[in-house]
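Peer 1: Here are the chains, one letter per residue:
Number of protein chains: 2
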Amino acid sequence: MVTTLKTQTLMDSRFLKACRREATDATPIWLMRQAGRYMPEYRALREKYTILELIKTPALACEVTLQPLHAFNLDAGIIFADILPPLQGMGLELDFVRGEGPVIYNPVRSAEDVDRLQVRPAEETLAFTLEAIRLTRHELAGRGIPLIGFSGAPFTLASYAVEGGGSSRRVKVKSLMMNQPLVWHRLMSKLSEVAGDYLLAQAQAGAQALQIFDSWVGELSPYDYERFVMPYSQRAIEIASQSGVPIIHFGTGTSGMLKLIQQAGGDVIGVDWRIGLAQAWEMLGDAVSVQGNLDPIALFADWEALKTRATNILDSVKGKRGHIFNLGHGILPETPVENVRRLVDFVHEYSQMLNQEDVTV
Amino acid sequence: MVTTLKTQTLMDSRFLKACRREATDATPIWLMRQAGRYMPEYRALREKYTILELIKTPALACEVTLQPLHAFNLDAGIIFADILPPLQGMGLELDFVRGEGPVIYNPVRSAEDVDRLQVRPAEETLAFTLEAIRLTRHELAGRGIPLIGFSGAPFTLASYAVEGGGSSRRVKVKSLMMNQPLVWHRLMSKLSEVAGDYLLAQAQAGAQALQIFDSWVGELSPYDYERFVMPYSQRAIEIASQSGVPIIHFGTGTSGMLKLIQQAGGDVIGVDWRIGLAQAWEMLGDAVSVQGNLDPIALFADWEALKTRATNILDSVKGKRGHIFNLGHGILPETPVENVRRLVDFVHEYSQMLNQEDVTV
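Chains as they are written, first to last, in the numbering used here: chain A, 10 to 370; chain B, 10 to 370.
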């Protein structure tokens, strides 16, 4: 009975309602990378632990996940993890090097490298994140805050796996894609199974929604996306969809191929700040929810300048159902905390006001 | 009489015809940064001279400009220069540091910094590039190859001026824009005068077309572009337009704001590879020419893979007038020269064939 009530509370949360395009009292808001370096609580933990230690110790991952939920009135939590550990589970040697970001010491460059990649269940390779989700759900019990699980999308995983770390041009990954289509397809098949299974396992562990991050997909032409990437994102989303929880499909730089992103799947499409939210939604049609789309740099601005930009976004989709407010990409390390607090509260207050106007008219 | 004939030959060149949306026998092609590090001839010169020496010695700048025109059947030259020297003319201390790219030692951060920026005529501050244009025109006499002059657009110039060099997030320049609108407007006013005057002077020195590079504008939201950048690009283009030569307005990451880019001006709109060329042209309408839009990384692919992508672009705009084939951004240093040669010839041959089919049908 208690469980049923709790489940009901969760299902009635603003965030999950918006995922289903139902009316909400106010626009829900959460922020990509909301648990992270801009928070002093997080930095304090990072002095004691490496990123991988935080990710792989369920109690710590749970603690980090809860930090922003204690500090701000956010409408959803997202499990503290990273998009790269699934690659470690496949046999790639991953590390986070201070000042350099992620490094993979044995990147994928050939058919043999792809053959060596292991496809094992997330229960085995990513048990720590699944356990962190169970812990966090327990901690959040009764608070009515849904928890989001996530994975990198196949292309973004492939980018790191092939480049061996971050890369601005992505020459290696695109060259593999263009020159060795058979190797590429085998690589992407494996990655889509791993990503899909990981997402599904997170929902089974208690996540109420899933986000697939295709952070670097905007570097592709629609031509290449459609032929070499879309089928694999589609496959990962298909597997994850067996969970029945809503799926957010996120990318950046996708203004020129939003319809293809949508075609690959997702109940909610992530939109970055490089296109007006209303214009993007018009291209997508009313059958999906949208998430976005404030420029993360706006959080560095004075409050009035930040407020103006948040207002503009909310005004532009006024009266529509299914908007989840977010940044267009992850929150940056030096972001002033006070601006985060004010933004979260402002989005609730202002959207509530807009909704009331709407009813009056 | 000879002059008239030569002028006529130039005006009848594929490139200038395409700028005017007139029919051409084949699609014209040139490549951004076609004079540059991927060419052994260029690297040989760079062993003896710094980038700034090459730019500031008219005979050398002319030589570099001609290198790709000797090597490939390109339909236009672009004067060898850089988008940053105009900043030097304004009083900023610019250098190109090996491995790091451009550095500005006294970046613009305050109202006082903006006040100090000098707006002087290009004839005084950029005489070397104007002279290089005169020399190159002389060398090209009778070859019927138009020469393009160019400048950074106000926002891209501001990005470097404020950040003090390259930057992936552009926190400083966006923060100045958002927080200090009055300082920003004074800065952008000065930059638009300088860029506009520089472009105009290049046309007067003999350039048959002008390109305004807003390489980083795709980092802005349409909201910010429209209010804080567009009026200044518009102003620079307005000044340059007094020359009567066609103007190419180029940016990357602009799929979500192509209409605004067009509104700022230009006879030809540059389109990067992140949107289908036909889709972009449909958004822009038939009143403008388009330039683009091959992914520069496609030049690293095997010939068959490269050819497929070039074919796809040409097929997608078949039968339309006013397409100038180009990359979506500058050619990269490690690009294989042989692929450049084959691409240039293929674009001519294949488009000629498409045109003939068109006539037959």
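There could be a bad hint or two in this list.
You can't tell identical chains apart in this list, so a pair holds if it fits in one copy or across any two.
[Said to hold, decoys possible] Derived lysine-lysine pairs resembling DSSO-like cross-links, with alpha carbons at most 27 Å apart:
id : residue 1 : residue 2
1  : 268       : 316
2  : 316       : 181
3  : 65        : 181
4  : 316       : 327
5  : 329       : 268
6  : 327       : 268
7  : 57        : 26
8  : 26        : 327
Calculated directly from the structure, the hints in this document are not laboratory data.
Peer 1: Kindly indicate which numbered hints from before are broken by the structure, ordering the numbers from low to high.
Peer 2: Of the numbered hints, 3 and 7 do not hold.
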